[in-house]
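Take the sequences, apply the hints, and build the full model.
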Amino acid sequence: MFGYYLDLAWRSLKRTPVLTGLMVLAIGLGIGASMTMLTVLHVMTDDPMPGRSAHLYTPHLDPLPRDYKLRDGSPDPTDDMTWPDAMALLKAHRGVRQAAMSGGSLLLRPARADLRPFYVSGRYATTDFFALFGVPFEQGSGWSAADDAAGAQVVVLSETLARKLFGTGKAVGQTVRLGEHDFRVIGVTADWAPKPVFYDDQTGTQYSDADLFFLPLSVAVDEKLQVSGNRSGWVHGDDTSLTSANMTWLQFWVQLDTPAQVAAYRQYLVDYSAQQKALGRFQRPPTNAKLYSLMSWLAHENLVPGDVDLQLWLALGFLFVCLLNIVALLLAKFLRRSGAISVRRALGARRRDIFVQLGIESALIGVAGGVLGLAIAQLGLWSIRQRPDDYAKLAQMDMSMLLGTLGLAVLASVLAGLLPAWRACRVPPALQLKGG
Amino acid sequence: MEIRPIFSSLRRHRIPALLIVLEIALACAVLCNAVFMIGQRMANIHWPNGIDEAGISVITVNGTDAKLAASNIPRDLAALRGVAGVTAAAAVTSMPLDQSPALTGFTTTPDGKTTVNTSVYFMGRGGEQALGLHLLQGRFFNAEEYADSGLKDFQSTAHVALVTASDAKRLWPGKDALGKQLYANGKSWTVVGVVSDVLAMDPTTSGPGGRYSSVFYPSQPDGMMGNYVVRSAPQDRDRIVREAVQTISALNPGAVVEGKTYARMRSDYFANTSSMVWMLVLVCAVMLAVTVFGIVGLTSFWVGQRRRQIGIRRAVGATRGHILHYFQTENFLLSTGGVVVGMLLAFGINLYLMQHYAMTRMPWYYLPGGAVALWLIGQLAVLGPALRAAAVPPVVATRSV
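Those sequence lines, one after another, are chains A and B.
Per my numbering, residue 1 is the first one in the first sequence, and the count goes up by one each step.
Per my numbering, residue 1 is the first one in the second sequence, and the count goes up by one each step.
Subject to a maximum C-alpha distance of 25 angstroms in a straight line, what follows is the list of computed DSS-like cross-link-like pairs (lysine-lysine):
1) B:Lys180 with B:Lys113
2) B:Lys152 with B:Lys180
3) A:Lys195 with A:Lys290
4) B:Lys187 with A:Lys69
5) B:Lys169 with B:Lys187
6) A:Lys91 with A:Lys224
7) B:Lys113 with A:Lys69
8) A:Lys91 with A:Lys277
9) A:Lys224 with B:Lys152
10) B:Lys187 with B:Lys152
11) A:Lys69 with A:Lys277
12) B:Lys67 with A:Lys224
Honestly, the hints are just simulated from the structure, not real lab data.
Following this line, the structure appears as structure tokens:
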């Protein structure tokens with residue numbers, strides 16, 4: 001029966017090529033536009049560290065004075081951490097692993113004469129950074145806690161930067177001049193950048209950035225290296241050095257494997273804040289201290305730009321207009337066939353049979369529309385990749401979105417076909433046959 | 001035209017009529033809001049700026065030794081003035097729209113509070129000519145002020161400052177800003193001049209209050225001044241940027257030197273905005289096209305279904321014009337229904353966007369504007385099917401199927 005209905009549907013669609021074309025075009029455009037935006041949103045809100053993100057947490061303390069007021073559009077200082085707090089948390093060692101970090105951009109003066117100096121962005125971090133985030137190494141390794149303590153001038157390069165500086169030769173053991181200092185290369189990581197770079201300060205462009213070098217945080221502080229990202233101080237005239245207790249600029253991440261560890265860490269943060277309050281350093285309630293999981297931190301930061309959100313709404317509205325259109329066109333098409341349907345009914349077809357037949361016809365339109373929609377979505381994603389936005393390069397469709405597009409198209413057109421099919425199979429056969 | 005028969009006919013085709021109304025309503029709602037967003041973004045792209053945008057190019061130098069700034073900057077500037085076609089050159093810390101905000105909150109009393117982020121610009125001698133600032137009141141800085149001032153921890157050590165017209169009005173409403181004191185972080189400066197509004201370094205994030213909130217300080221050459229502003233005739237800019245980058249690179253071999261025209265800086269700053277505008281335009285166009293297809297499809301079906309009735313009307317004396325007008329009036333009625341619902345919906349969407357996406361209220365004239373657009377589009381869509389209906393010969397009435 002299915003084959004027969006399919007044949008009927010095909011013949012019927014062939015009879016009215018313009019109307020069919022319009023319907024396929026409408027569903028294709030609607031699905032194409034909405035899937036383009038859904039794909040963008042999907043890649044932007046995706047887990048940046050699958051498998052690892054469930055164990056990553058970021059603690060946040062509130063060292064602000066009681067009467068501190070945020071200025072319009074200014075970043076929240078409690079998003080980051082002060083140097084003394086980060087060092088205290090690091091020393092307490094309450095998590096499985098923990099690291100403090102900050103972004104930095106340094107002038108690199110290549111030894112090769114054919115390269116002009118250029119700026120590279122990278123990360124200042126403490127020793128656990130690599131193990132905490134599972135950074136893959138191509139050569140060598142990260143630095144030790146002893147290097148951290150000693151402020152050893154060592155650096156880990158990304159593969160891209162290592163290849164640019166040293167070609168395909170061995171980079172480990174070479175020297176790189178960053179800013180005004182020479183650093184010994186001790187490791188090369190495979191090109192690695194979570195999307196978004198969730199551990200970065202929120203002022204960065206987190207979807208297109210990648211860290212090209214890593215060096216010990218203590219060196220950055222000792223040598224007063226340039227720190228990128230936001231630095232929020234709240235005491236006027238206070239020293240603006242990186243070790244100030246009244247300025248936040250560091251990011252802090254810990255690994256906690258069990259719910260018990262998470263609960264214990266949360267309690268530890270409150271206890272620490274209470275202790276700082278007792279010492280007179282903190283003024284706000286200790287319960288302001290928070291511990292975010294990776295995904296809830298991303299939700300808190302809300303990295304998805306308002307524009308993307310708006311575009312998604314626009315695309316969904318557009319899909320809805322297209323669906324309405326298909327309902328209207330299918331209605332016109334099915335009702336025009338009232339005569340034929342009445343004949344079938346008079347010959348003994350049940351309402352259900354008619355319903356199934358018309359349903360298959362709309363599903364066929366859905367499949368065609370879905371294929372067109374996929375093509376349009378690919379075109380849309382391609383055009384987004386040409387755009388200058390931070391997230392643009394990410395706009396790629398994966399398998400689940402691909403199947404989702406087709407599924408959505410078929411579902412939408414079958415749904416759109418329900419009302420017209422229901423109307424068509426309620427035509428009273430006798431009346432129609434007589435009237436015709 | 002008698003509209004009662006149209007109503008009774010529509011009542012017999014409730015679902016298709018409802019579909020057309022809904023389609024027009026949705027199209028109207030989305031169109032109004034999308035066009036409003038396009039208009040807003042276009043206005044952003046064309047924000048006026050009180051500097052000579054057409055004549056300015058900016059050469060950015062990074063990675064020089066800050067300790068040598070006092071000798072390097074005058075040397076570089078002299079070389080830049082030597083480039084053919086350059087009429088003025090000066091060093092500044094940052095530029096409007098350069099996206100690296102240096103912000104301070106200024107007040108009119110020593111212990112005042114403010115929520116406005118003001119962009120702070122330090123300029124070296126000749127900065128006002130190089131930037132092309134327009135003086136509205138007072139005076140620019142004199143040679144002594146340039147020589148005696150500098151910056152420490154990004155605070156000016158000067159005693160004088162220039163403010164923009166917007167700030168003068170905001171800080172001292174109804175009063176003369178000249179000679180008034182400007183306070184920030186425990187220091188104060190005397191306003192010696194008011195210039196026409198200069199855009200902030202990052203006006204989209206500093207909010208409406210900070211968009212034209214800028215303060216200028218004089219400064220002697222300082223390591224923080226990483227930008228050379230070069231002014232010339234507009235047609236010379238591209239060549240001058242090229243030559244200036246070569247000149248400065250040769251003088252500062254260890255530095256990273258980049259140059260672009262100010263027009264480029266502006267288009268870079270608004271690149272995301274303009275790509276969003278294009279997207280909105282595209283969506284609007286395609287959506288209107290889809291709506292037109294829908295109306296054409298449904299009306300064609302209607303005409304096909306009513307051929308016999310049309311034939312009968314023609315046979316008893318209706319002219320082609322009558323039939324044509326019938327379908328046009330019918331579409332007008334449906335569009336009116338759709339537009340009324342659509343305007344309500346558009347208003348609702350605007351309210352929602354205002355709450356969630358920092359959108360402003362849509363001016364009232366967008367609603368009637370959208371209504372007229374959809375009336376016209378409806379009439380355009382119905383014309384083809386209506387003409388076909390009018391062409392139905394009276395003889396159809398006498399035929400059975």
